[in-house]
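J.: Take a look at the letters that make up each chain.
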Amino acid sequence: MEKPRIGVFVCNCGTNISHIVDTEAVRAHAQAQPDVVVATSYRYMCSTPGQETIVKAIQEHQLNRVVVAACSPRMHEKTFRGACRHGGINPFLFEMANIREQCSWVHQDRLAATEKAKSLTTAAIHRVRHHRPLNSLSAEMCPTTLVLGGGIAGLTAALELADSSNDVVLVERTDALGGNLARVDLTAPHLDSARDLLTEKLTRIASNPRVTVLLRSELVALSGFVGNFTATIRGPGGNGAGPERQVRVGNVVVATGYQEFDAGRITHYGHGKLPNVVTSFEFEQMLRAGRIETRDGRLPQYAAIIHCVGSRNREFHPYCSRVCCMTALKYAHELKSANPACYVSDIYIDMHAFGKGCEEFYKATSEVKTLFLMFEKNEHPVIRRAGPGEDCDMLIEVNERLSGERIEIPADLVILMVGVEARSDAAEVARLVNISQDREGWFMESHPKLDPVATTTDGIYIAGTCAAPKDIPDSVAQARAAAARILARISKGRIEIDGVFAEVDEDRCSGCRICNELCPYSAIEFDEGKRRSHVIPAACKACGACVAACPSGAITGHHFTAEQIHAQIDGVLA
Amino acid sequence: MARVGVFIGQFDSHSTIAFDSLASYAANLRAVEKVRLLGLRPKVDVKTLAEEIRRERLDRIVLAGDSPGHFKPAFTRAMQLAGGDPAEVRLASFREHGASSSEATDRAKAILACAVHGVPYPLVAVPKPTVVNPATLVIGGGVAGIQTALEIADAGKKVILVERSGTIGGHMAMFDKTFPTLDCAACILTPKMVAVAEHDMIELLTNSEVVGVTGNPGAYRVEIRRHARRVDEAACVACNVCTDICPISVLSEFDQGLTHRKAIYIPFPQAVPNAYLVDPEACLWVQSEGKRCGACAKKCPKECIDLAEEDRTVTFDVGTIVLATGYDLLDARKVERYGYGKYPNVLTALEFERITNASGPTGGKIVVKSKVANRRLKTDEWLATSDGAAPRSVAIIHCVGSRDANYNPYCSRVCCMYSLKFAHLVREKLPDATCYEFYIDMRAFGKGYEEFMERIKAEGAHVVRGRTAEVSEVDGRLVVKGEDIVQDRLVQYPVDLVILAVGLVPSAGTAELATLLGVPRDQDGWFSELNYNSEPTYTERGGVFVAGVCQGPKDIPDTVAQASAVAAGVLRSISSGRGVSDLSSLALSEIEARAMQMAAGKPQEATHGR
Amino acid sequence: MATNKLQVAIYWGAACGGCDVAVLDTNEFILDLAAAADIRFWPIAVDGKYSDVEAMADGELDLALFNGAVRNSENEHVAKLLRKKSKVLVALGSCAHMGGIPGLANLATKEEILLTAYLANPSVEPGNQTIPQARTAIDGMTLEIPYFFKRVFRLADVVDVDYFLPGCPPAPVQIRNVLLAVVKGELPPRGSVVGASDRALCDDCPRTKSEKKLKAFHRPYEIVQDPTRCLLEQGILCMGPATRSGCGVRCPNSNQGCRGCYGPLPGVTDQGAKFLSALASIIDSKDPKEIDEILAGLPDFIGLAYRFGLPASTLQRSYR
Amino acid sequence: MSFEPKIVGFLCNWCSYTGADLAGTSRIQYPPNINIIRVMCSARVEPDFVLRALAGGADGVLICGCHPGDCHYSEGNYKAMRRYPLLKTLLKEYGVDNDRVRLEWVSASEGQRFADIVTDMTERVRALGPLRLKTDLQTDRVER
Amino acid sequence: MVANVTRVNPKLIHELEKYGAQDVQNCYHCGNCSAVCPHADEYFVFPRKSMRMLQMGLEKRIEASLEPWLCYYCGQCSTGCPRGAEPGETMMSLRRWLTSRYDFTGISRLFYRSWKAEAVVLVVVALLAALGFLIFGFSQGSIHHYDGEQAFLPSASIHIFDWGMAAVLVVLLLINSIRMWWFTTGGNPRIRPKLGTYLKALYQLPLQFFTQKEYARCGERQPWLVHLALMLGYVSMLVLIMFFLHGMQAGPEIRWRFHGVGYLASAGLLFGVLVAVIGRIRKSAPHVAHSHESDWLFLGMLLIVTVTGIVQHVLHRAGAAMAANLAYVVHLSLVVPMLLLEVPFGKWSHMVYRPLACYLAAVHRETLARQRSSAAQGEQVTADRRLAAA
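So the sequence lines, in the order shown, correspond to chains F, V, C, Y and H.
So the first sequence is numbered by the numbering used here: it starts at 1 and just counts up by one.
So the second sequence is numbered by the numbering used here: it starts at 1 and just counts up by one.
So the third sequence is numbered by the numbering used here: it starts at 1 and just counts up by one.
So the fourth sequence is numbered by the numbering used here: it starts at 1 and just counts up by one.
So the fifth sequence is numbered by the numbering used here: it starts at 1 and just counts up by one.
None of these hints come from the bench; they were simulated from the model.
Fair warning: there could be bad hints in the mix.
[As the list claims (entries may be wrong)] Below are the DSBU-like pairs computed for lysine-lysine, each with C-alpha atoms no more than 35 Å apart in a straight line:
| hint | chain 1 | residue 1 | chain 2 | residue 2 |
| --- | --- | --- | --- | --- |
| 1 | F | 369 | H | 347 |
| 2 | C | 49 | Y | 92 |
| 3 | C | 289 | F | 377 |
| 4 | F | 369 | V | 342 |
[Claimed, not checked] Beta-carbon label-pair distances, calculated as ranges:
| hint | chain 1 | residue 1 | chain 2 | residue 2 | range |
| --- | --- | --- | --- | --- | --- |
| 5 | C | 147 | Y | 2 | 33 to 41 Å |
| 6 | F | 262 | H | 219 | 49 to 57 Å |
| 7 | F | 267 | H | 365 | 40 to 48 Å |
| 8 | V | 472 | F | 368 | 36 to 44 Å |
| 9 | H | 170 | V | 51 | 55 to 63 Å |
| 10 | F | 425 | V | 51 | 46 to 54 Å |
| 11 | V | 406 | H | 219 | 13 to 21 Å |
Since this is a predicted model, take the numbers as computed values, not measurements.
In this text, a Cβ means the ideal position worked out from N, Cα and C, and glycines have one as well.
Build out the structure end to end from the sequences listed, making use of the hints.
T.: Structure (structure tokens):
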């Protein structure tokens, strides 16, 4: 390594720094440090003449390291790195000392502030000696996307990508596309045709040559990293031993959806025993067939809808399934529509009518005289057969909260609004694509607020109800969001990787695998053959967790090496 | 050829469609054997209908109307009784496909024709491809606008981001914590804001408003009024000298009027752009037309203040426009019974956000307002100061102006959760304080929300099912009155602070923007999406998208997802041949012909049932 | 004494003698050594006086193997003497290298140690009040004994060391290799660690490793071990990942966790702190209370992490 | 001259460093005794850095990260959270008072909180007196 | 205590619509109405609770409730209702329904469910009465004589007739009142009042009857004044007729002792009726926004009765005996159905039920207070015992 030739530039920031910090003293102190070739102060280092000073100094003094003592690096690090680049040196051979936000603006004692500014500048000088030139890397970005799941989310994502002229491989486990939406007749709250919605998507998928649909297929292995995945997909064949094929893909959209809660688990609802207790999906079938009748073919005089079956419950799932309330209201309308003489009771906990048009739909449901009855969370209604003297088949007993009465509700037909739960094979999918699941089995997003479609594994996106219960518009939006993220990356052709990432020195790695679990982005891969771990730069976000934890010191976190930080510690204490 | 029966019903009495004309149009369609007008809110007798179907030997029924789904089950049943295929009951929904404008009847006819041919309307109604200018205009710099802009710019496409106020960040920048994870709003938002400022592909225009839009989908020309900032934002280093010297204090909008700011100010320390701006309404120099003051310009060490700067108008050519104009809170004064504006310690949710915010006027201390004398105006003001008294008890009232026929009939979707968050913050910061929540339905529907609610309840907030009827003042203390429905009693609690979970309304200027762009709005004033289920981010106007709350209330995750989804639409319109034209550019005859062609080609049907 | 035989000295400072035994454990090689070298000084095996060494010319010895830590003035004196007289000074074994087991004394003060050793000790004769002093006046004479240092030092703290040969004790085969290298003149740059790998013990450890998450720590006798699986994954503390390999995986092969005697990996300044960082990172909990409960399963962490290296650690001793 | 403690602060880039910057932009005053070293995440802070700082003459060390759940890297702060109690145990054995090393969560909006923590910590460390590890390490050699 | 299980009856809400209930189903139970109601208190929380009972069709519970009688329909609940569920109107319809429930004859039920039936019965009774009076008049007097020996309808006979009718009414109302007491109190397992409580609260009956003071708590004063005018006018008229009919009918000179009071009462009646009619036409306030058919019939009757009464009086003073007699017949033939049908079966029954309800409410309040405090003590005792056992 060549001998460091350091230039130090102290900014007065008008008087923002200099009114408290004696910048001249700081400059003189810096000048006196070993390896410091030149130290200057200036009114505004960030201004154009200020930056030119740096560029000129680099060229005049053959500087190979630059320190700027000014404001927060969060404000101007980028600016000064640019100046270094203009001066002809690698922008990472630069360090900033924050003597404004964390010095002159927060202290009033001139002497102490000046001393602190000196320390911070010294630390930066110490640190910059150990800086190395870093260059960004780039990796290929395969434009093909793998979409797992052929429900509305998967179809939307696939179409969005394919319509932008990208290849999509759509893998669906069952023998038909459409997912759970294909089981629904009308959508809430506007009672639009689910079939038309789906037919439109399916027709467009079928007529788009960019989309390869693989039915009765599943992903069995995924290797590689963002932009360069290899997916192994098993096609249809006897006993899960169909022919396997390998596809190169750049990104993966996981849209595997949900499964419904098994209503039989709540024994006192009698699903499977009482003939006229049906689940919401069974009721959809009845609706589609135009047969809203009891098992023995009578028109129900009384119908009851029970909400939160398996949801919002200590025993089963604590969460709200988000779609059932509106679906239940839809059923109330449909029951009345098919048979205006039918009395509908809707037994709920809280009415979640939160979407656009939903509260109005709730009111409209009240207007058609649906009887809403509220029960206590964790306290299930009990369904039993009615006695011979009654004019109904069943009676539902419940503690009604809005009246405080213990009541019985007559019913000839009971619809159980079964909750939405993570698919039983979700863990398998999570393992295959290397993403995590939350306590309830839903796939975890990389950030629930600001990155709801990305996962911690770069290149793997989640959309729709595999991440959490969602209605159709929200699933569609999420699917499109995933597509947007992928489109943005594909459009660049390659992925740029910042020079700051972690790297494993394979000569020093012992394969202890302590680091493997620590990376939230799954950027560390373990090579079973070599028995060494290595970091995928494209996936690394440079947090340094693995660097700190590597007991052999085999991982280097570029630009935040132990050497650099040690030097900085020594510097502030010098 | 299938024999089709068309039944036209009306659900909404305000329809602009000429139903008679529609009926005669339907009767002339090939395959249509029978047309019947059902009238308003039809009561259909299933048996008679089945008889009719059998008599006319109908194979397919098309139900047409603004919301025909509402009477579909009766027809399905009738079809089944008549021995036909229940799946052959098709819907022609005018509302779903947006037949509401002046050309509503023509659109309705097209929708009907598609249904008669058994082809989904959106599949047929695809406008011709147009060339799209790759630059995008994003209106609104809240989290939705930021997300969309970043998403598009990250794909290497030019974005012009226009924000009306002096900084981007929107409402989210005012928040302290975000539910249900309670992570700090600034921590997640400010990096995005900085990313916007630093992005090469984003041109950020703050203090600016769109004043004119001309052109066609794919090639819009927008005029943007850049209000004079009077500070050179590139040169300003946010050093505070100007603010320190400025003699004029006015109430801070960013802090919801809980504290003061100067006439030259920065909305908040982490504002982007990180530069000061002059409030011309307050500035002495501006108001005196240069005769008085001007101290800031003289003292500015970077000499970057030009108090004489004037507004100017700039023009951009863009292909697509994204609406992300967000929301305002309903004026809580309108809900008189809660005494907002009358009692100083009745706060809106946003005011409380500022009070509890670590970077707010009290440094995050929850206090009641203090009376402070304003020497200049010689009046008393109620401000939040960090030496204010801590409330001993706090009431949080849900659904203020929401779910209420007298104000907003809709649910504002976020209030339940942020109210629970408030309860948590109160209990966390003031463990001895009592906290009451008055709610109607606890809408904790999102990922982790229900669990959050349980947690807050376990933390000891008193959750009362029932709406507060009124807030009054008794012996200098606020009293909230309501019915505790589950406990079956009337309750009256004396409290020191009342927080109103005020509902959301479209932001000021939404109506003007809608007119300017030709984007329809729904009955509540929000921008209408093209299709509720499948096109939640598109609008009727080609190349104009909606993101975030301006389409309807949403929480942050949903807003962000939707904002990203918009980016997909924008990027697709740029990179694919699929057009961004207006739907209305399609002629009825064209749609008819296409539908017929598609019906002959037998498009793949959704396979129903498993 | 002109001879082309290798001139060798072996000395023990504050040590148990295990390293000397390890030298003997090179088996028949020791005979070759005896044939090839003149053992000029080896108090444990060969008769000799310090004055013999003092009499040597500077650099007369080709090789000095110093094992044991530096605990008192005698250790220091001999260390300096051997440094002066030898061309190559090797710190043999963990004590010379890092302070070793005697280094754990740095957790106590000199006064505490003397108190425990001479006064507050059940085996001490009741009424005994004597603590040895460096200088004692007896019969008009001054008796001088080595001075007990305030703390334990590693060899490199008092003299320049040419090579470090770690291990408690070093594996005989490694000693042999180093001796051969000296003979052949194939030594690496001065200051290097010799007779050990640059990779951690795990590299040689035959147990299978997978991703690690720890919910609890166990003593080896508390659980039924899977002899093929990484000990750490089973909750048994093993310093292997933070320790140089070279010993031949002695402890894990005996179903015990590695104790760390071969010292830190190159570039690691503080073996214990590094191990702490690694170990705590893989605790499987996000709840501070639970983390505390899990950590309660580590009764003497400093004794484990710094068993051999306290004087070589960043803080070197306790400052109580 | 009265004793002025030297405190080294390791601040994560996303929340705490930003929070400290906010204290600056809001001109919230705190004692100048802290010198801040920026790391990308509190998970990058090795226990060794703390020991190194103490051995190098610091009287106290402050580690700040995002609040649990807020980490920019999802879970980095939990790693810091796990290391900290063990580090405290270790420091206790070394005879370093636990008040000298603190782990705190400071969000980007908590400029005031950051200033309060620094003020409080400075006062506590001042009360504890100088640590003098650096001097001790040097005098150990000569005193014997 | 094991709660009784009650079967809900979703059909009741349809039934109540016939009694004028509107949009009850819209209520989503925010509780706003109960909280704004000036009459709701810790013992009687309504109207939401009543709306709930109605939605669920818990007939027995409604029958047992006094709440509808405690409501005076100021309309604050309806104005503030976020869902337009018209709680005030619901309470009104519940009063009609309850009236029909208290009425053992079933006539009330018939009237409220069918205004046509009511109208027919009213007309038939009026015609029958007219016929009866005419026959009676012609059989014993002269149509040309209003008073004196040959009076067409001598006041003594009418007086006897009045008393006869009053006796019938008293019997009817007494039976209905007892039924009301039984439904709400005597047969209500939740309330066990002591005799002393009954006696202590007895003063409520005359107080409420004459002052209607509960109504005054409804915020605005005007509706109460109208109501009071109507009420007092009617009662004064009743007293005059029942006890001083001879004085009233004497003439043709004006006997201020009786007629003065009569004029005031008439003015009150006329004022009240006109304000009510105009209000209902204009729908000027929530409580007059919705008018049930029975309301129109009732007001119409009242108006005609008042007017014919005045006409008859004026004609008599004017010396037009025959015209006065005819007017008198018309007047009486309308008074008969009004008293016979409206008092026990229609809106006039409020005159009895309201004060009775106020009285029973006072009884309930005290009883509930006693029961609650002993229940609280009981809990305390159990808790103490448990504590002691532990």
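J.: Please go over all the hints and tell whether each is borne out by the structure.
T.: Consistency of the hints with the structure:
no. : hint                         : result
1   : F/369 with H/347             : holds, 28 Å
2   : C/49 with Y/92               : violated, 44 Å
3   : C/289 with F/377             : holds, 30 Å
4   : F/369 with V/342             : violated, 40 Å
5   : C/147 with Y/2: 33 to 41 Å   : holds, 37 Å
6   : F/262 with H/219: 49 to 57 Å : holds, 55 Å
7   : F/267 with H/365: 40 to 48 Å : holds, 45 Å
8   : V/472 with F/368: 36 to 44 Å : holds, 38 Å
9   : H/170 with V/51: 55 to 63 Å  : holds, 59 Å
10  : F/425 with V/51: 46 to 54 Å  : holds, 49 Å
11  : V/406 with H/219: 13 to 21 Å : holds, 18 Å
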